[in-house]
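Number of protein chains: 4
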Amino acid sequence: MHIGFIGLGNMGAPMARNLLGARHRLSVFDLSQAAVKGLVEAGANAVHSVTDIAHSDVELIITMLPAASHVRQVYLGDSGLLSSVAPSVRLIDSSTIDPMSAREVAAIASKQGNPMLDAPVSGGTGGAEAGTLTFMVGGDTADYDAALSVLQSMGKNIVHCGPAGNGQVAKVANNMLLAISMIGVSEAMSLGVSLGMDAKVLAGIINTSSGRCWSSDTYNPYPGVIEGAPASRNYTGGFGTDLMLKDLGLATEAAKQQKQPVILGALAQQLYQTFSSQGHGTMDFSAIIKMYSGEDQ
Amino acid sequence: MHIGFIGLGNMGAPMARNLLGARHRLSVFDLSQAAVKGLVEAGANAVHSVTDIAHSDVELIITMLPAASHVRQVYLGDSGLLSSVAPSVRLIDSSTIDPMSAREVAAIASKQGNPMLDAPVSGGTGGAEAGTLTFMVGGDTADYDAALSVLQSMGKNIVHCGPAGNGQVAKVANNMLLAISMIGVSEAMSLGVSLGMDAKVLAGIINTSSGRCWSSDTYNPYPGVIEGAPASRNYTGGFGTDLMLKDLGLATEAAKQQKQPVILGALAQQLYQTFSSQGHGTMDFSAIIKMYSGEDQ
Amino acid sequence: MHIGFIGLGNMGAPMARNLLGARHRLSVFDLSQAAVKGLVEAGANAVHSVTDIAHSDVELIITMLPAASHVRQVYLGDSGLLSSVAPSVRLIDSSTIDPMSAREVAAIASKQGNPMLDAPVSGGTGGAEAGTLTFMVGGDTADYDAALSVLQSMGKNIVHCGPAGNGQVAKVANNMLLAISMIGVSEAMSLGVSLGMDAKVLAGIINTSSGRCWSSDTYNPYPGVIEGAPASRNYTGGFGTDLMLKDLGLATEAAKQQKQPVILGALAQQLYQTFSSQGHGTMDFSAIIKMYSGEDQ
Amino acid sequence: MHIGFIGLGNMGAPMARNLLGARHRLSVFDLSQAAVKGLVEAGANAVHSVTDIAHSDVELIITMLPAASHVRQVYLGDSGLLSSVAPSVRLIDSSTIDPMSAREVAAIASKQGNPMLDAPVSGGTGGAEAGTLTFMVGGDTADYDAALSVLQSMGKNIVHCGPAGNGQVAKVANNMLLAISMIGVSEAMSLGVSLGMDAKVLAGIINTSSGRCWSSDTYNPYPGVIEGAPASRNYTGGFGTDLMLKDLGLATEAAKQQKQPVILGALAQQLYQTFSSQGHGTMDFSAIIKMYSGEDQ
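If you read the sequences in order, they're chains D, E, C and U.
The first sequence: position 287 = 287 (my numbering), numbered continuously.
The second sequence: position 145 = 145 (my numbering), numbered continuously.
The third sequence: position 142 = 142 (my numbering), numbered continuously.
The fourth sequence: position 153 = 153 (my numbering), numbered continuously.
Same chains, same names: a pair is fine if it fits in one copy or spans any two.
Computed cross-link-like contacts, DSSO-like style, restricted to lysine-lysine with a CA-CA straight-line distance of at most 27 angstroms:
no. : residue 1 : residue 2
1   : Lys256    : Lys246
2   : Lys156    : Lys246
3   : Lys200    : Lys290
4   : Lys259    : Lys246
5   : Lys246    : Lys290
6   : Lys256    : Lys290
7   : Lys290    : Lys259
To be clear, the hints were calculated from the coordinates, so they are not data collected in a lab.
Produce the entire structure from the sequences given, and follow the hints as far as they go.
Right under this line is the structure:
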C-alpha cells in the first residue's frame, strides 16, 4: 500500500520504519530535514509539504504529532490535509490529544468522505522500534477493520475502543490511572521500607495481594526490585515525567469539560508538576518516588 | 494440637471453625456468650477468661481482636495472657494493628520465652469461611515454620514478611495502596464513561495496559463490569468502607511516626471518611465510585 | 463621554446603569433583546451589532462577557471590534478570562492604536448594582489614569496591577486563594464544632488569631455566625459555586501553562467540582461546608 | 501568689520569668538542671520533683510540656501531681495536646477537687518573652476568672473558649486553618509572580480583597513583601515547620476520632511532612513556599 506519513519524531520515525519493513511504499514529511533524511535512507520517498502528501496517490495517511494544535493545523489549516486530500483516502492520527479535538477533526474528515481513526499508542520509543506498540483505536468498525493490518505492522496489541475519539479517551483514562498507581506504589514501598521491610519482599507480597498493579509488578519504582525497570538504571529511558504530565493535562482538561471530578488525578498532576519543576522532567515518571525518599533532590 | 482461640467475631469464628475442621482441639474465649456457644456446638471447649486459656495446657494461642487497645489489654493487661501463660507456649496475633504495638507486645512475649508472631489476614469473611485467607506473618523464621501448618488450616497463602511487626507493615502498606488504586480506578472509569466509552470496553483496555490492577481486573467498582464483584450487587458484602478507613488510619499513623509522607494515602483516607460520613460506612469500599457519579448520595 | 457597552448580563447590566447614572451617554449591545430593552428604558441607545458600536462615535468601549471565547469573537472575529473600530478609541474588557488571552487581545489592539485595559471585577451582582465593585486593572499607567473616573462610576476600589493581563492575574490568584481559604475555614469550623465548640466562639477566636481571613471574619460559611452572609440565608445570593469553579479553571490552566504547581488550588477545584456535580452549582460557594457536615447532600 | 511551674523549655522559661516579674513567688521544676538554674538566678525556688511541688504550699500549678505523653505522666503517673497535690490547688496546663487527653486529665483533676484549665498558647518564643502570648482557655468560667490575672502576667489576649478541652480545640482548629492558608498564599503568590506580577503589588491587592488573611497581610511567605517577617530573613525565627507538623498531627488525629473529614488539613500535613523530610524542619513554616519555587531545595 502507498502510505503517507507526517511527523517523524522519536515515535513517528521508528513507526514509519516498521511500515517500510512491512513492504509498504512510504511518502514522508516532517519539518526537520534530518528526520526526513533518515527515512529516505531507509527507502521512503520525501515530499515537501503536507499538501504534497495530500496530492500524491496515497491510500492512507498517518500522522504522529506532538499536540492538538499541530493536529488542527495539519488537518484543518489553510494548506491542511482536509483542504486537498482526495476523497476516500483513509486517515489515522496516532498523536495523543484531547478527545474533543479528535472528534471534531474526525467529524469534519468523515463529512467530506475521508474515513478517520484516532489511534494513540502506548509502549514508548522502545515499543515503537520493536513494533510492539499498543494502539487504542477510535472510529467506525469497518474503518478499524480496514486499518488493522497496517497497524499490526507497527504494534502488537490493537484495540478497538468504540467510535471516533474513544482511542484518546482510553489512553487518557488509562494513563491517569497509571500516574495515580505509580504514586500509590511509591508511597506504599516508601512507607513499608521506612517501617523496616525489605523492598523486594514487600513488592512480592503486594504483587500477590490486592495492591497488585503494573506499577508494582512490572515497573516498580523502588531501585533494585525489578531488573530492567527504569528504577534499576537511575530512572533513565522509559516514559518521561514531562510526557506523563502532558497526558495528565489532557485528562484533567477533558474532565473539566465534562464537569467530572478527578480528585486523585488532579493531585497526581500537581505532584508530577512539582517534581518536574525541581528539574526532573526528563527522568522516567517512576522517579516520583524520590519525592518520598527525603533525599536532597 | 490443643489451641487456644480468643476473639470469635466475624473473622475469628470461621477461622476457629476451620481449626476444628483440621482436627485440632480448641479452647475458646469471647466476651459474647452467643459467639462462644456457636463454637462449642461445633466442638470447641469454652473457657471463662483469658487467664483460663493461659492456665490450660494449650501449646498455641491465637488472638483475633478489633484494635490495638484490645490486643494490649489481652496480652499486657493485669489479667492478661503474658502474666500467666506457661513458658514456650506459642502466640499468634491475627488482629490488624499498628506495627509499633505489634513489635512492642512481641518483644515482651519473646523476652519471657513465648515466641510470638503477628499474622494479620486479608480475604474478608468469605476467605475466613472458605479457609482461603492470606496471612502476612512477622516473626522469627523458626517460629514461622512451626506455625505454618496451623495457619494453612485457615488460609491458602501464607507469606513470611520478616521479623516481628512486618506482617502488620505488609498489610497496612498493601491496603493503603489498595485504597488509592480503588479511587484511581473509580476516577478513570467515571472519566472514560463520561466521555462516552462503554465501561466494559474501557475496563478491558485498562486490564491489558499499564493501568492494570486488582481494583480494575478483579474488583472493578463500576456496576456490571465484573460479575460477582460487590459493584454488581449494589456494594453489599466485600470489605466495608469503615474497615478500609481503619486500615488507612493505621497506615497514616505509622507514616506520621516514621515522618514519612503518604500524600495520596492521606487523601484517600479523607475521601473515604467523607464518604462514610455521608452514611455509607457499611457499603463495600468500592462504592467510593459513587462520589464520582454526581448522583444524590 | 459617549461609551459603548457590550454584554448586558447579570453583571454588565447594572454596571451599564451606573454609567448612565454618572451621566455618560451609552450605546449598548447584547444578543438578548430583553437585556437591551432594559437599558434602553434606562436611557441607553440600542445598536444592532458589535460593528455598529465600532462605527459609532464612542470614545470608549467596555465589554463584559462570559468567557475568553466570547472575548476573542467580539474583539478578533471577522466582524469584531478590532476590524472596524476607529483609531484611538479606548477599550476596557471587564470579563474574567485567562491572562494569556487578555494579553494577546491587548497586544493586537495596542498595535493598531487602540489602548486596551483588562479590568476584571470582584464584588458580585450586589457590588455591580451598588457601584462598589473592585476593578483589578492591567495596562499602561497612562491608559489606567485615563479610565479611572469611568471605572469609579462603577466601582469603589480601582487597583492598577501592572501591564496588560495583570488584572486577570490578580483576579485568578486572589480567587484561587479565596477558594482554598473558604474550604480551610469550612474544615476548621466543622472540626471545632464536632469537638464541642460553639461556632461563634470559635470564629471569634480565629478572627483575632493567625487563622484570621475574609472567609472567616466576613463571609463565614457556618450558618448563623455572620448575619447577612449567605450561610445565614441558606447559601442563596452571593458568589455561586459554578462561578468559583470557572475561576479555579482559569487559575489551574494558567498554572499549567506556566508549569507552576498549585497543589491546594487544584484540589480545591476538584472539591468544588464534586460539590457542583452533586447538584449544588448554583449555591453560594461557601456552601462547600456541607461536604463536611455529613448530612445528606 | 505562690505558684508551681513545671516545664522550663523555650516557652516555659520566659513565661515563668514573667510571673516572677509580676511579683509572684515561684517554685519550679524541670528535668534540665540548666533550665532550673536560670530561673533560680531570676528569683525562683528550685524543687527536686513533681511530687515536691505538689507537697509545697502552692495555690496554683502551671505546666508547659512537649506532648500529651508528658502531660499524662506529670499529672497521672505514679508520682504524678494528682496523686499528691492538696485539694483545691488550681491547675493550668499550657501544653499543646489533643483535646481528648486534655479533657480526660481535667475530669480526673476536677473529680478530686482540683480545678483545672487547659490553656495552650500562641505567639511563639517572642510572645512568651514579651508577655504578649494569646491564651486559649478551656474550663469552668469561675476557674477562668480566678486564673485571669495570672495569665495576664504572661499574655495579652486571654480568651475563654468554653468547657475543659476547648482551649486545645480552638488551638488545633486555628492552626490547621493557618497551615492551609499559608500554603494557599504560597500558591497564589507563586502563581501570580510566575505570570508576571510584582510580589508586593499582588500582596497589596490580595490584602484588600477576598483573599485577605494573616498569612498574607502579616506573615507573607514571599521574601521582601513584609519587612520583619521570617520570609525576609531567610525563614529563621518564627514558628518552625516541625512545630506546625505537630499541631497538624493533633488536628488530623482529633478529626479521625470524631470521624470528621479534614481534606485540605490532611493534605497540608503531608506537604509539610514532605518539606520537613527534605531537611527543612527547623525553618519557619512559611518556607513551604520553597516547594513552589522550583529551586533546588
